[in-house]
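**Q** Chain residues, written in single-letter form:
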Amino acid sequence: MNITTILFILLSAMAAGSAIMMLLNKNPVKSILWLIVVFFAISGHYVLLNAQFLAVVNIIVYAGAIMVLFLFVVMLMNLNADSEPAKNYRLHLIGVISGGSLLLVLVSALMKMEMQQPVQMKIGDAGLIANLGRTLFTDYVVPFEISSVLFLSAMVGAVVIGKKD
Amino acid sequence: MLLAVDLALIIEKLVLIIVVVMASLVIAMYTTFAERKVAAVLQDRRGPNRAGPFGLLQPLADGLKLFFKEEIIPNFSSKFLFVLGPGLAMLTAMMTSAVIPWGDKVELFGRNISLQIADINIGILYVFGVVSMGVYGIMIGSWASNNKYSLLGGLRAASQIISYELAMGISLIALLMVTGTLSLKEMVVQQQSGYWNIVYQPLGFLIFLICSFAECNRTPFDLPEAESELIGGYHTEYSSMKLGFYLFSEYINMFISSVIMATLFFGGYDIPFVDETTLTANTAAILGVLALMAKVVCFIFLFMWVRWTIPRFRYDQLMYLGWRIMIPLALFNMLVTGGVILYFNK
Amino acid sequence: MQALTNRISQVSRKPMSLWERLYLPAIFKGMMITFSHIFKKKPTINYPEKKRPFSPVFRGLQILNRDEEGRENCTACGLCAVACPAEAITMEAAERQPGEEHLYREEKYAAKYEINMLRCIFCGLCEEACPKDAIYLSETFTPADYQRKQFIYNKSELLIPHPKENPEEYKKALGNRPVKAEVK
Chain A
199 MNITTILFIL LSAMAAGSAI MMLLNKNPVK SILWLIVVFF AISGHYVLLN AQFLAVVNII
259 VYAGAIMVLF LFVVMLMNLN ADSEPAKNYR LHLIGVISGG SLLLVLVSAL MKMEMQQPVQ
319 MKIGDAGLIA NLGRTLFTDY VVPFEISSVL FLSAMVGAVV IGKKD
Chain B
3 MLLAVDLALI IEKLVLIIVV VMASLVIAMY TTFAERKVAA VLQDRRGPNR AGPFGLLQPL
63 ADGLKLFFKE EIIPNFSSKF LFVLGPGLAM LTAMMTSAVI PWGDKVELFG RNISLQIADI
123 NIGILYVFGV VSMGVYGIMI GSWASNNKYS LLGGLRAASQ IISYELAMGI SLIALLMVTG
183 TLSLKEMVVQ QQSGYWNIVY QPLGFLIFLI CSFAECNRTP FDLPEAESEL IGGYHTEYSS
243 MKLGFYLFSE YINMFISSVI MATLFFGGYD IPFVDETTLT ANTAAILGVL ALMAKVVCFI
303 FLFMWVRWTI PRFRYDQLMY LGWRIMIPLA LFNMLVTGGV ILYFNK
Chain C
70 MQALTNRISQ VSRKPMSLWE RLYLPAIFKG MMITFSHIFK KKPTINYPEK KRPFSPVFRG
130 LQILNRDEEG RENCTACGLC AVACPAEAIT MEAAERQPGE EHLYREEKYA AKYEINMLRC
190 IFCGLCEEAC PKDAIYLSET FTPADYQRKQ FIYNKSELLI PHPKENPEEY KKALGNRPVK
250 AEVK
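Protein chains in written order, with my numbering: chain A, 199 to 363; chain B, 3 to 348; chain C, 70 to 253.
By construction, these hints were calculated from the structure, which means they are not laboratory data.
Being a predicted model, the structure only gives us computed values, none of them experimental.
Glycine included, each C-beta is placed from N, C-alpha and C at the ideal position.
Part of the chain B face toward chain A, derived, beta carbon under 7 Å: (1) Tyr128; (2) Gly131; (3) Met135; (4) Val137; (5) Met141; (6) Trp145.
Excised from the complex, chain A in its bound form (with noise of 0.2 Å):
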């Protein structure tokens, strides 16, 4: 038990917490605030992992571009827990279908996985700046380039949808 153990199940513990509470919580503002504790955690692990630079990107694009956006969207909306439409029984029953099958997924996955050492502490560097653009710009160049060319028709697609007629 050391230190990084520790550290691990704490921010473990503090991601599947949150996570659930931004789940259980009626206010959407809230789940949102909840959903940035999350990431907050996962971000943890990144820098448990040595992947210094994973850590603050999740940080700077999730919590820091993505949420603000989703936090805009919904306090000018003004959802409140009031406001939340009904659901019925149906809606219910699918989802707890296909959120239980997706667990089982899940869970046979990882079954089937070899307990080895879960995950390696401290000792890889791909996740340092320098290795990360070397991988990036080499092993994975089709498809870093491949996301690129989604990114970029998104992009375009957003502008046409933004502009005026």
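Given the coordinates of chain A, assemble chains B and C onto it according to the supplied hints.
**A** Structure of chains B and C alone, referenced to chain A:
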């Protein structure tokens, strides 16, 4: 061993943290005073001069007044979030100072003590991450106030900060292409031996400067608290020290962004026209801290000078400037920088 | 429409030139203007330490005068009260008793003399009406107070300090008022 760490290192870092936090609080306090004085001087007035000699005790009086004011928490608001808002604003404002190299190493009690709390290899990204978190304090506080003016102020803050963060990030990328490192300490060391980065990145600096005005919610970008249309903006419902925290965090942000600009573009603790290697370590460190502070004072004066000169933008002008001018300019700057680097490295 | 003055200037609606659209030169110009104000002389006077000199015709708070032996000039004739357009002055007369000659200059004196400073308009007609040089308007303000009744000034507040017992205060209260010829 569970906690096999150097005890002296912990003490050293703790002392450094306390010093930095206290120093930035005191500087922020006196920035409020300086703001009033600068405003007065620019408008042919005298400014506060009653409390103490030259009015130097004015910030203490202001702080005391804020502490003794009545705490008002509006009904129908989320009390926890209402208190969390100003706390978060203050926290994020203070957190940035962790990666700033305040000076070179000092030799004390036979130890080499670095005047930087944490030299992490992604320093500038850390600053960027914390800055992007800074908007939450304003947004949460404005939402929890349950007041339409607050909410509008918070929404304005959010969209403004997100819009200008992009241009700021792109201008930083150009700078990173020049320096080739993310560590703030490395950047200062490079600038000590070579030219300051402002020489390589004048346009990048201009973009960064304008964006940091917007990120700090300073005039001409102070639309989140535009009092002519939004009463007090996001802090309409706040009173007492919670209001003080919001106002204070604005001044700390101003101080920190001045430090960042001085570090990134103006050599940080580099003393101009002086070769630091000829001095002893301690004098070099102390003079370096003073040099950094002198640069910071110039930047803070610039912030105030602009505030008392330029009127506030209209909101559509702000968005136009952010998306249609700053981002293309920053992209252009990045392209040109990349092209020049490619040309010279051939 | 016929212009009333010849100072009208037409607003220019020309599209801005590139230099103007750059916006930064204009900002720089504005900042230079504000910067130049740093070196300008400040018109503010630090009030309690430094006082702006009053003009010689300034009409401030009334003072009831004494002669140089310290006797009150006022004979309670009531001319000031009659002259007062704001009806701020009231007084009660009394006869001088034997043995009070060092207090009052003439046989009749004002036992009570009150000026309501909230009514007073500081026109100075009382000073002009007075045949005995007993009342004049000094070079001070009426100080602020919390209660209305505090603004009804009675004799103890209006009388000038005694010239024999308290010569410095007397000098100060007299101010640089030109000494009028003694009215007999």
